[in-house]
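Novice: These are the residues of each chain, in order.
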Amino acid sequence: MSGPGIAAYLILSVLLFTTGALGVLIRRSPLIVLLALELMLNGANLALIAFARQLGDGDGQIFALAVMVVAASEAVVGLGLIVAVSRKRVDLDVDKLTSLRG
Amino acid sequence: MEEVLVWAVWVVAASALLGSGLAVVLFANPFYSALALIGNLASLAVLYLILEAEFVAAAQVLVYAGAVVVMFLFVIAYLGGRADAPWAGGPTLQSLAAIVAAGAIAVEIVVVIALRADDSIATSAEIEGAFGTPAEIGRLFLGNHLLAFEVTSIVLLVAAVGGVVLGSAPKPERRGSER
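From first to last, the protein sequence lines are chains A and B. Per our numbering, the very first residue in the first sequence carries number 2; after that it's consecutive. Per our numbering, the very first residue in the second sequence carries number 66; after that it's consecutive.
It should be emphasised that the hints constitute simulated quantities derived from the structure, not laboratory data. Fair warning: this is a prediction, and the values are worked out from it, not measured in the lab. Among these hints, one or two may not hold up.
What the hints assert, rightly or not - Some chain A residues close to chain B (C-beta under 7 Å, calculated; not the full set): (1) A22; (2) N43; (3) A45.
Said to hold, decoys possible - Partial pick of chain B residues on the chain A-facing surface, computed with a CB cut under 7 Å: (4) A78; (5) A79; (6) S98; (7) L144; (8) P156; (9) S160; (10) A166; (11) V172; (12) E173; (13) I174; (14) V177; (15) L205; (16) G208.
Unchecked claim - Computed spacing ranges between beta-carbons, pair by pair: (17) A:G57 - B:I219: 48 to 54 Å; (18) B:L70 - A:L101: 35 to 41 Å; (19) A:R90 - B:A73: 51 to 57 Å; (20) A:D58 - B:G131: 25 to 31 Å; (21) A:L101 - B:A225: 21 to 27 Å; (22) A:A8 - B:P151: 19 to 25 Å; (23) A:A8 - B:Y143: 20 to 26 Å.
For each residue, glycine too, the CB sits at the ideal point set by N, CA and C.
All chains should be modelled from the sequences, with the hints used to inform the complete structure.
Specialist: Here it is, written out as structure tokens:
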């Protein structure tokens, strides 16, 4: 392939995944945790697309598209949960959201 | 000459990817985080184009920047000031532990890749012109991956129904019985 080899893409995807994991662990706003989750999914997607090109097999791209669908669904449900929590007049802080009862 | 150009585009896209990724995590205001995510997705789409995944790059921009980020911005606007997430201040034990844990994940993945890597990743396969085009993706989706295609539609339906149920206001009589 033209440009860098697959090792460069794998390093890039690991760094992106780690950035997302850092965001999930370090931030307390559920909104930013969801945004960081998208970063993690995109890191995995980059590795899938890079391997699809490396192996000349389109299946990796299908997998990446499926991951994108799951990411969109996860964002819908996550944002719905955040809106539902915010109606209960509770702080939007994942450290304080410890009880499932409303 | 073309090789140099691809490398230049790759370096710019890769640094934009990592920079905007860090920005998503580090911005105090979720609004700016969501905007940084758009930059992240755009540079990722450039990398997908270099990897000859044209359809995935287009779908990435449409689905993420066009739908998911807009949804995030709507919720951030709906929550108003309550969405703000200022940093608590100096480094706490928790944030230090988070940095160590994230670094550990990175090291683990790199070590596993390095252990598993052999000569097969040094050379990339030859591909024909149809690779990654919408026609090829459609052929794969409706051929070998028909089940994944159908399951995808169910996942989207369940997520849509779940979003409506979670987002709709509680019924008045139920609220009366709770209080």
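Novice: Are the hints correct? Go through all of them and say.
Specialist: Hints, one by one, checked against the model:
1. A22: With a closest approach of 5 Å, the A:A22 hint holds.
2. N43: Interface hint status for A:N43: holds (6 Å vs cutoff 7 Å).
3. A45: 11 Å, violated
4. A78: 9 Å, violated
5. A79: 5 Å, holds
6. S98: Since the shortest Cβ distance to chain A is 5 Å, the answer is holds.
7. L144: 6 Å, holds
8. P156: The hint is violated - B:P156 has no Cβ within 7 Å of chain A, the shortest such distance being about 10 Å.
9. S160: 5 Å, holds
10. A166: With a closest approach of 6 Å, the B:A166 hint holds.
11. V172: 9 Å, violated
12. E173: Check failed: Cβ of B:E173 comes no nearer than 9 Å to chain A, outside 7 Å.
13. I174: Result: holds, 5 Å to nearest chain A Cβ.
14. V177: Hint violated; B:V177 Cβ to chain A Cβ min 10 Å, cut 7 Å.
15. L205: 5 Å, holds
16. G208: 10 Å, violated
17. A:G57 - B:I219: 48 to 54 Å: The hinted range 48 to 54 Å is violated for A:G57 and B:I219, with Cβ atoms some 31 Å apart.
18. B:L70 - A:L101: 35 to 41 Å: 54 Å, violated
19. A:R90 - B:A73: 51 to 57 Å: Holds, since A:R90 and B:A73 (Cβ atoms, about 52 Å apart) stay within the stated range.
20. A:D58 - B:G131: 25 to 31 Å: 28 Å, holds
21. A:L101 - B:A225: 21 to 27 Å: Holds: the Cβ-Cβ distance is about 23 Å, inside 21 to 27 Å.
22. A:A8 - B:P151: 19 to 25 Å: For B:P151 against A:A8, whose Cβ atoms are near 39 Å apart, the range 19 to 25 Å is violated.
23. A:A8 - B:Y143: 20 to 26 Å: 43 Å, violated
When the structure is compared with the earlier hints, violations turn up for hints 3, 4, 8, 11, 12, 14, 16, 17, 18, 22 and 23 and for no others.
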